[in-house]
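Participant: Given only the sequences and the hints, what does the whole structure look like? Please build it.
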Amino acid sequence: MTVEPEITPDLVASHGLKPDEYERLLALIGRVPSFTELGIFSAMWNEHCSYKSSRLHLRTLPTKAPWVIQGPGENAGVIDIGDGDACIFKMESHNHPSYIEPYQGAGTGVGGILRDVFTMGARPVACLNLLRFGAPEHPKTRHLVAGVVAGIGGYGNSFGVPTVGGSTNFHSRYDGNILVNAMAVGIARTDEIFYATATGVGNPIVYLGSKTGRDGIHGATMASASFEADAEEKRPTVQVGDPFAEKLLLEACLELMKTGAVVAIQDMGAAGLTSSAVEMGAKGDLGIELDLDTVPCRETGMTAYEMMLSESQERMLMVLDPSKRAVAEAIFRKWGLDFAVIGKTTDTLRFVVKHGGEVKVDLPIKELGDEAPLYDRPHIASPKLPVLDSASVKAPMGDVEALLTLLASPDLCSKRWVWQQYDHLILGNSVQRPGGDAAVIRIGDGPKGLALTTDVTQRYCEADPVEGGKQAVAEAWRNITASGATPRAATDNLNFGNPEKPEVMGQLVGCIQGIGEACRALDFPIVSGNVSLYNESAGKGILPTPSIGGVGVISDVALSMSPSFKRADEAILLIGATAGWLGQSVYLRDICGREEGAPPPVDLAAERANGDFVRGLILGKRVSAVHDISDGGLAIALAEMAVSGKIGASIDVPADVATHAWLFGEDQGRYVVVASEAEAATLLIEAGAASVPFLRIGSTGGDFLILGAEPAVPLAAIRAAHEEWLPGYMAGH
Amino acid sequence: MRAAVVMFPGSNREGDAVRALRAAGIEAATVWHGDHELPAGTDLAVLPGGFSYGDYLRCGAIAGRSPIMDAVRAHAGRGGLVLGICNGFQILVESGLLPGVLMRNADLRFVCHMQHLRVQRADTPFTTSYREGEAIEVAIAHGEGNYTADAETLARIEGEGLVAFRYCDAAGVVKSNLSPNGSMNEIAGVYSSNFRVLGLMPHPENLIDPLVGGTDGLKLFESLAESLATA
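So the sequences go chain by chain: A and B.
So the first sequence is numbered by my numbering: it starts at 883 and just counts up by one.
So the second sequence is numbered by my numbering: it starts at 308 and just counts up by one.
Derived by calculation from the structure, the hints in this document are not laboratory data.
None of the values given here were measured: they were computed from a predicted structure.
From the three backbone atoms N, C-alpha and C, an ideal C-beta is built for every residue, glycine too.
Treat each hint with caution, since some may be false.
[Said to hold, decoys possible] Just so you have them, the derived chain B footprint on chain A, three or more residues with Cβ under 8 Å: (1) 1032 to 1038; (2) 1194 to 1208; (3) 1311 to 1321.
Facilitator: Next comes the structure, spelled out in structure tokens:
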């Protein structure tokens, strides 16, 4: 019998509960909690699990559409993609653990999000990620990049799902707080989706998967606090991943689901056994009773507190149809996994946990989740920055020199070094591979496919949260459109600093507003998501980073489009209006050394019109290459199209503009499209009729990229600039 | 014409292997690692890619000693065809069916990309649909594909012409710096002495469709279909 510590104000504070939150707890249960109960409240009421700072604002996001089967609130979002198929997906952060222990932190981030998807009955078919690291010159950056990339690969490669896309860049504001956002996508039949809502009184609660150990205790609480200088000491709160166990768990779960034995199922993620049990009971208006003496443990002498708060990986909790117990157990034994009945559903609406014959926990189950604190935290809108007059920005170097400099910069260089460590070819369905706009994967034997992408431009969000939020959604929508697919729904992963600071809260509120506006205008609802706050170290917050993971559907993957030039002597066309917007551009930052001005505005009506026009061209087989224009502007897009297609281009730069603003400006809603000369003439007329800005800017061909009057650049020089920086950096050059 | 694809816990390209076999017209079924026999009438045993038993120990070490491998060895002993891809290759060397070992990649990183291979000979049951010396493009995806053997073994492999594929450039030229993993003599795959067992690190099973990277891998399975049909 272990003696539990006395509940003191210090102990309460060390559990991350504020004094007023503790008062609320006392009022709720009418007595001082036991040590285990305090741990449970700490787990359920922390920011990570309760969304207490963001919930109020998240409610404003559009989450519905005729094709949405399940919006936020389940393990993952579900959309109908036709023919009886559903796509199930979500993105989630594992930021703090990845900073402390990059390999395991990133790997278990992938494992967690995969479980969210297959818990619902889907077979995972793709992973993506969005990574943000500190400045390259920061002493920890190289180590973190190496560890995170190896960790993501180590988990996904072994689990056996292709990692097909992502986004990786760098900024000093992530020096002490990197971002690792992982997205998983799965496919199920629409009538075979599993939910976390328990039903039926007296049904057995079954523990599945790996054993429970002492790893990850209080991981969710750690994810809800800022980093101080003691970050390294938190290493024991990072879980250790076992992709092999997860693969077995996947196969066993999918096999089990086919038998009809599963009443409800929930993966054990943040706050492990506590959160999974409480969520299943609370959603189903049922009580839950657990007997911890039956929980499979990896270590001896574990206390109730430790078992309830362990975040050991590769575990699931399930409510079982009692008549199918034998068949269910046989499946798990075949896969060599633990299967233990550890409790039952009750009609008491209490969450009761017994250990060693004693009642350690007896709490009202609905209130644990529903009565979590909800804050309307004070927020201050970011001041509007003045629009930078592009004409006032002098070019410090020639356009070719700027192009080669940007192509070799940490943010715009090729990320081949990263994605070559991910198995992106397994399953044999990767039609459009990493390095383009959106990844396109075929579903089974096709012809239908999914287009997938992750994106956010955090410097825009910092400069103007509302426009930045809109832009993140528009950019994801544009990536999918450029592949030929129709954007259908998105998942968001909102990474911000300390919400108790009104300026940071203002960023969160502004970004959510912008995301909502764009999602509504583009019929692109948010169906799942995750919020990661307190991304702050030494009092300094990260750049506001609302990652958007987008999913689109294409009826025939043979129609999907890539950015690479395919043939010489074709017309290069610019879709969308070009004003030469340099405020907050990569050019301004990396060439001029200035981070200034308002970001480019997103005209959602034009975004939609331009995108729908381009998608029509792709599906009508009228164009041979399409690339959306984003960071670095037109010149970077052209360089990428030329290098990937091994065909050069000659571009006519208009005479009446500042060439550097025209080439490197980041005006939104734009695409480069390539078509035959004959087709281009017809398209000009059609674009005019559709009020889509359209400009013929040059022709493909040759081994050089020629930008107006600038010296011709050999493709080999472009390729070298684009490919060499990251491998060189990682090798320590 | 029947193939048995052996599924170990942690196998993850078994579905890809089955798909490629079927695309070439070979009947394919999966076999569980705990079984002691291959299905009656099995002509070809396939050990697919993956991370058998997690591969936390030496890759393939546990799988190489699992019950089904006795059946695979017996099948090979009768002159039956065996194909091991990636983890399957690692399992074949661990189980003693092929010479050499597969070490960590020389740069210590997992590597996945399209890769050219030179077909060393076109007269084996696995390669009749190729031309000798042809450069084919297939996928690689592995962390431990660095083929290594002692000098005597290497000399025997080369002397008996047991190298199946070598890493090369697009023109089919083999150079000492073209291996993506540090393999000796740029070896990507080797045969047993009777050319009935093949192990290779690359993934021909993922290159069976013009929409998804090309069909250079399909010919390996078509070769097998042809040799099984004429056997």
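Participant: May I ask which of the numbered hints given earlier this structure violates, with the numbers listed in increasing order?
Facilitator: 2
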